[in-house]
Structure formats: structure tokens, C-alpha cells
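Number of protein chains: 2
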Amino acid sequence: MKGSEGLLATAAAAGVDVCFANPGTTEIPLVEAFDQVPEVRAVLGLSEGVVTGAADGYGRMTGRPALTLLHLGPGFANGIANLHNARRARTPIVNLIGEHASWHQSADAPLHSDIESLAKPVSGWVGRTSSAAAASGEFAEAYLAALRNHSPATLIAAADHMWSQGGVPATAPAAPQRPQGDEQQIAEVAKVLAAGRRPVLLLGGQVVESPEGIRTAVRIAAAAGGAVLAERGSARVERGPGIPPVPVLPYFPEAVTEALQGYSDLVLVGARTPVSFFGYKGQPSHPLPSGMAVHELADSDADALHALAALAERTGSAAEEPPHAERPEVVAPAGPLDADAIAAAIVLTQPENSIIVNEGVSSSASYPAIADAAPAHCELSQTGGAIGMGMPVATGAAIARPDRPVINLQADGSAAYTVQALWTQARESLNVTTVICSNSRYRILDHELQRAGIDDPGAAAASMTSLADPAVDWLSVARGFGVEAVRVTTGEDLLKALGRAHGEHGPHLVEAVL
Amino acid sequence: MKGSEGLLATAAAAGVDVCFANPGTTEIPLVEAFDQVPEVRAVLGLSEGVVTGAADGYGRMTGRPALTLLHLGPGFANGIANLHNARRARTPIVNLIGEHASWHQSADAPLHSDIESLAKPVSGWVGRTSSAAAASGEFAEAYLAALRNHSPATLIAAADHMWSQGGVPATAPAAPQRPQGDEQQIAEVAKVLAAGRRPVLLLGGQVVESPEGIRTAVRIAAAAGGAVLAERGSARVERGPGIPPVPVLPYFPEAVTEALQGYSDLVLVGARTPVSFFGYKGQPSHPLPSGMAVHELADSDADALHALAALAERTGSAAEEPPHAERPEVVAPAGPLDADAIAAAIVLTQPENSIIVNEGVSSSASYPAIADAAPAHCELSQTGGAIGMGMPVATGAAIARPDRPVINLQADGSAAYTVQALWTQARESLNVTTVICSNSRYRILDHELQRAGIDDPGAAAASMTSLADPAVDWLSVARGFGVEAVRVTTGEDLLKALGRAHGEHGPHLVEAVL
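Residue numbers (my numbering), protein chains in the order written: chain A, -15 to 498; chain D, -15 to 498.
Treat the hints as calculated values from the structure; they're not laboratory data. Fair warning: there could be bad hints in the mix.
All copies of an identical chain are treated as equivalent in the list; a pair is satisfied when it fits inside any one copy or across any two copies.
Stated by the list, open to error - List time: in silico SDA-like cross-link candidates among lysine to any residue, alpha-carbon distance up to 25 Å:
#1 Lys265 <-> Gly111
#2 Lys175 <-> Arg74
#3 Lys265 <-> Gln149
#4 Lys265 <-> Pro234
Go ahead and model the full structure; you've got the sequences and the hints to work with.
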């Protein structure tokens, strides 16, 4: 058995069933092994940003690592941006990077580079194979690290270790358990909630992925006379008729401070202390109202759901009914489109159990603001700010859950980064409907210029935010990559186009012109 | 004056006239400054692979650094693959990475990452700004490092250093001179050439960029009873009626050994000792015939042209006529297309002074094999093996030399990496004609599977080399990004399509179906 087969058999035994790949010469032994280990399905992406973003989408939907197969340092580098987002989403992924044969690495061949230096910023674990026999054990270590660290782990596999005989499957590693929350932390939070002040629970991570977790948090907050909010940029948020609405923190720091105003204590439940996305003149990094005390229910690696259940017991709110919450009313959009109209059209047409992948950027906030009116669904959002995640994450989510429709609310500027993902959607006949918010601008940069006091930018600055000359023809691009596409300019037509797309198998793209 | 204006004014004073950019929020102060310092023209790319590849193409054509403007670690990461190629091409580039405000960096905001770790593998110099006042001097340091190291240099500019007042333009740095070659090394090579053995001069770097350098090398070799070869993957090779043909070393190691067989001594003239692109079972890293002695005329940073001229003096070959060399005869292609037919069509139609950007991958070798039949031109090739360089490098070369037609011989698999470059070609009305070698395969991987002994790959392995289902419709993709396109399947039609493209202003794409 070759080293590559031993490694892949170990992956299969651990339950890995998908490898998103863009292989080159150094990965040929692993490419061969796909036919020996059919439990691992290889899915090709036309560039590595697609590959790593798809692995992120897969991992967010399953909690299990997909493999990626990437070509040396430069191939890996193309996937770093979406691994950055995956790291922020706390998604387990195992990257396999094919490396030159061990004896060839010192020759400084053209593709040689310092792979560790590239990998470390986006990997909780980085290692190298040491032989054909040891490679499967080294894979098992990477696999466990990805689960334990909730992060990409990167194994650099020398071509000769992969092509040589002597591979042996290692014992399949069992998924590690999250450590339970610290009783003292829980007790302290219980004391805060009992103090008769006005606390707010900030939910994130595991908690917003769990309908029961959300309900528990809402009960606890109600009993304490407080409220709940969700942190921005969650990997996955569950919503639906049985789940209480949880408003999401806004984007700009002034608005975050305002949203938290009037609360006495901030209780982090699977969330981090809010941090401003960027540093702005005169704004603090952590935009909290002055005097607000911050408490953490459980460490970031601990089981926040368990801690939350324990907190509910302590505060006597375990058995209470969550308070009734109004759901937004959504009116069918008519006439010219804007971000709100697009969000409304999605909410009104999305099938039960849809997966919403939201990389709307300047149009992103419109959807979660009304999404509690939609049927049961989950939303995967921008976690790390590296644009170009939407189409790849949608692709991976659809591979992970072929039984669920995927809807990708997608800004046009970001779409242009990784539009190649449409080809994988076509090749794999994935049920992904992409809605391009086509404003032919980097609209967010217009806002940022205004914030910097530039209301009337000069021609050079203005040209850096415009995608209008020429406007990208998204229909042509989509068809070029094999995906059916239509263009709409009104709410009425958008509703019709979405209805049609959801009724047909396979990928669709709707260019919604703003 | 803001820090950003001081920095950009320093760049302008040093002669920087182009900044390839894909800015985000942390680069807003530099975006604003483009209107204050109009000497630096900002050129937008839809993704950072376009931006850095364009800077490589610009630098290869001018010898001067262009700026890139990139957004934090993830934005930079998207540009690493083409910076890897630039490093191998020894292209000077100055990367400006906008970083969070200095006081915001410790907050671990979503886009925060270890930028240095990402930058070091592709940068000869990495630094950070320290204040608005110091930033221009720090830029000057980066600029000089790019020229001195023949490599990208990366300056990480904190947003607050850029937006704060207190910027001052620094003294414009003067371009450093290359050190002269070592007299003793030159004398030793002269002795080798006088020994009556059969030497071969391997040309690369500066030497193949210089018609006079090539002529001198050919004279020296002829006088010594030897020959000349060019290393593979040169940044720029000049060719034309007045320049003697220099065969290029082949790709696979067995063929390299065969090409060098029968020569006694290998003299490196601006080139490196040949290294196998990948490590193969039973093949050495350096595929030289046994017993071949290797001599270096000048260190890699030294002035190889000066050393060559000195060598010509010493060997008494300075005044000789270069021996007459036959030029290939090229027959007009007819009927179905293959790689040779595409190369022939390009050679027969390319206008005088064309710039050929060759990322043909499995079709790459056909062009240089017959290019000595073409009018005067230069060829920029794949230096580092990170695919996706062709379209961006062609874009940057056209920005650098608007007076010269650019022809991009482009593999389809690689084109899919950075096809967004077409948009910049359309936006800037660049005279680039892209010829897609459309075989709907990663053909090079088919070869590599065969070399690994897999003549009949299984379905899973075969699917990793096929781009056929669906085949990318390059006409639609090109039109989507604003570029006129036609599809041809015969030599006759390809000749016509190229003739038409060269006769019209602006970018064109020809999909040549193999």
C-alpha cells in the first residue's frame, strides 16, 4: 500500500467523505489514491479559493472536517483568504499540501517556498509527513487538531512519502469532546443575572447554531430582566418559527455602542467581546458603553451549550417559556430594487430548510433584519472579512447537504473574487441559487470614504470604488461557467426568478440590478 | 500633508508611475492620496492575483517597480502566488499593505492576521511604517530593497500613519547599481573556454533580456567550440532578426540531461544550475550529465552583462561575427488545431515589437521552438510555476508598454485562475490578444499520471484532470468581463482571427479549441 493510500484510508475510517481539490504534480499519488479509497469523494475546484471556501462551507454545515488537496506553497496561498475566514468561523478543515519529494526540497526548484510560514497564520496545527508508514498517523494528528482547535490544520505531504510503498492505515481517531464549562464562571454569571441589573447575553459560536441553545438563552435573559443579542459574523445561525428572534449586533462601532446602551452587564455566551471591524479615528477598538462590565460564561473552547444549560438550572429559568416575540412582517417588493427589496424577495420565496450564505457586504444587513419571518433555515455569514467567501461556501454547503436548497446572497465585488465556484456548482449539479446584488460598485468603500470625510472624492479615488466601466455582465460570466442565469430589475421579476430557480434542480444565478 | 501623501509623493519622485490596486477600508487614506499625487496612476484589479501579476508584468518590461496596494493579510494572500512568480522572475515590486490602525492591531479584529509570516516567503524585504512622518523614508527603504534584491519588497502601512498629518516626502532614492562581476571568476571561465573542451553557456536573467548580451555569448561560445542554451522559465527573452537563436532547455529532467549530453563544461551566465521542476523517482534534482563541470561567470546579483563583455575581451571573441544560424521555417497551419498550429499562427501574425506572454503550460514549448522566425519581440514566461500568471502579466506588460501589442498564449486551466484580469484589460482598453489553448483538460497532469505509471486512471483520478463537464465557454466569460471574443477550430480561422485582433484597438480573446 502506498503512503497516499494509507493516509486516505485513515481519513475515510475517521469519517471524512469529501476532499475539495485542485491538485498538481506533487499531488499525483493522492489523486491516484482517490480510486483506491472511494469513500472519499474528490470535488474539483478551478482555483484554490474555491477549494478552501467550499471546505469551510462543508465544515460549517457538518461540524466535521473536509479535506482540501492543494499544490505546494503557491497553490495553498491562493486558498489562504478563505482559510482565514474558516479560522474565524472556527471550522475544522484538514489541508493536505503536496510538497516536493523530500530529497528534492533543498534544490530550490521553481515552486519551492516556505510553506510553514504561509500556513501558520491560518492553521491551528502545521506538520509534515516523515515517511510513507508514518503519514497516516500524522494525518490522524492533523485531523484531531482540526477538531480540537476548531480550526484548519495543515499537513505537508512529501511526494515520495505518498508514492512509496509501506503505507498503513492508522487507527481512526475519535472526535474529541469539548471540555465542560468552569463551574465558578457559571456561578459568577448567575450572580450577575440575579443582581437585578439589566444584563444582555451576547450569543455566538455553538449557541446560535442550536435552536435549544437560543431558546435557553432567551429564557435566561427574560428571567433576569435582560435581553439577548447575537454577535456579528457568525459561522452559522439557526432561525425558524420555533426559535426566538435574536437581533444581530450592527457593523459600525458607534452603532454597536448604541445597541448596547442601557445594559449594565455584557455576558458572553459562545461569543467574543465585540471588536470594531476596523479602527476609526476617535472610536475605541471595543465599542462598549462606558461602565459596562463584561463576563464570560465559558472559555472559547469549552462547551457553551452545557454551560448555558447549567446556568438555566441555577437561575431557575430552565422550565420557563421563552417570552413571545413579534416576527417582522415582510411585504412583497415591487418596482426598482434595493438591498431591502432583495432581502424581502429571498425571505418570501426561500423553501423550508434553506441554507442562506450571506456575503452581501453593503447589502448584508438587510437579510438578517427580516429573516425571522422566513421558514426554518440557517444563515452562514462573513466571519473573517476576507471577501470571496460566498460562492465557495455555498458550494461546500450544498455538497454537505444535498437535501437542502442553498441561497447565496452575494455582493458583486466579492463575487468577482471567486466566481470560478460556479463551475463546480454546475459540474456537481448543486442546488445553489446565487443572487448577485449588482450595484457595480465597491459600495462599502463609498461609505468608508464618507466616514473619512471625503464626500466628493476626486476622479482617481472614485475610480477605485467603481466597477461600472465596463459593468460585469453576470449572465455571460455565469453561462461561461455553465450556470443558468437571468437578470432582473424589479421586485416582481426577482420574486418570479427566485420561484423558478427554487423549482428546478441544479445551480441558478439571478443578477439583481440595484 | 497626510502620511499617505508623503509616501506617495516619495514614490512619484522615485519614478513610480503606476499602482496596481485592490484597496479596502484600511487603504482609504492611500486611495484619497491618488488624487493628490496624480503622477502615480492607480489601476484597479478585480482580485489581488490580477494586481500582483500585473505588477510582475510591468516590472519585467520596465525594470522599475510598480506599486501594489493590497488589503491586510487576506488581500495580500490572494496575491502571493503571482508574487512567488515575480520573486522567481527577479522582478522589483513594492507591495503596500494597508494594516489596521496601530492601536487597533492588538484587538484581534476579524481581518487581523500575521502579515509578516505571509509576506516573508515572497518578499526580499518586509517592514512596517512607524509614523506619518517616517513612512516616506520607510517607503524609500522598501523601494531600494526591491531594486537591490531584484524581488518584491513589502511595506505594511498602518491606517493611522497614513491618515495622520505630518507626512513629508523623503528624498527620492536613486536606483542602485549592480556590482561588477568578480575578475577571478571571469578569469577562471576564460581558462575553461580556452581548454579546448566542449563548453556550453547557459544564459538567463539579464543576458537573455539583452540582444547585445546574447550576441556576445554566441560569439564567445563559437570561439570556444561550444554552444549556447537558455534556461527555462526566463522573465524576459528578446528575439528578432538581429539576435542569434538560443534554444531553451526542455522541461522534463531526462530531456535536460540529453540536451546537455556531449558538453564538457556548463558555464552559467546569469542562469542557475538546471534544477528539475519536480522530483521524480530515479531522477536527480540537478539533471546534469555525469562528469559535467559547472562554472559560474558572475554571482546572481552581479552585472552578468559586464562580466560577459569582459569575458569576450579575454577570450578574444569580442570583435568576431556571430556564426550564421538557420531560422526555423514556419508553415501556415491548416485544419484542426494543436499546440504547434497555434504557435505557428501566432508567429505568422504577430506584429513587430510584440510582447508574448507565454503561459501555455502543456502547449508552452511549441512557441519558443519556432519563435526565431518571428519579427522582433520579447517573450515573458512562467518563472515560478504558480499558475494564473498569464492574463495578469499580460495586463501589466500592456500598461507598461502601451506602444507594443501584447499576445498572451494561455492554457485554459491556468486562465481559469485569474480570468478577472480581462476586466482590467477592458477597462484600460489594453492592446492584449489572449489566445486560449482550450483543451478542457489539465493536460500536464495527464502526462504526470502517465509518468507515474498510470496509463489508464480510474474515474476519480481522471475526473481531477478533466475540465470538460461542463467545458468553460470562454466566449461568454470574456464577454462577461467586457472583452470581445471569438472561437476557432482551424488554423485558417485562427490566422484570420489573430489578424483581425491585431488590427483593432483594445483587448481581444480567441478561444482556440484543441
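Hint check results:
{"no.": "1", "hint": "Lys265 <-> Gly111", "result": "between (41 Å within a copy, 24 Å between copies)"}
{"no.": "2", "hint": "Lys175 <-> Arg74", "result": "neither (30 Å within a copy, 63 Å between copies)"}
{"no.": "3", "hint": "Lys265 <-> Gln149", "result": "between (60 Å within a copy, 13 Å between copies)"}
{"no.": "4", "hint": "Lys265 <-> Pro234", "result": "within (18 Å within a copy, 57 Å between copies)"}
Hint 2 from the earlier list is the only one contradicted by this structure; the remaining hints agree with it.
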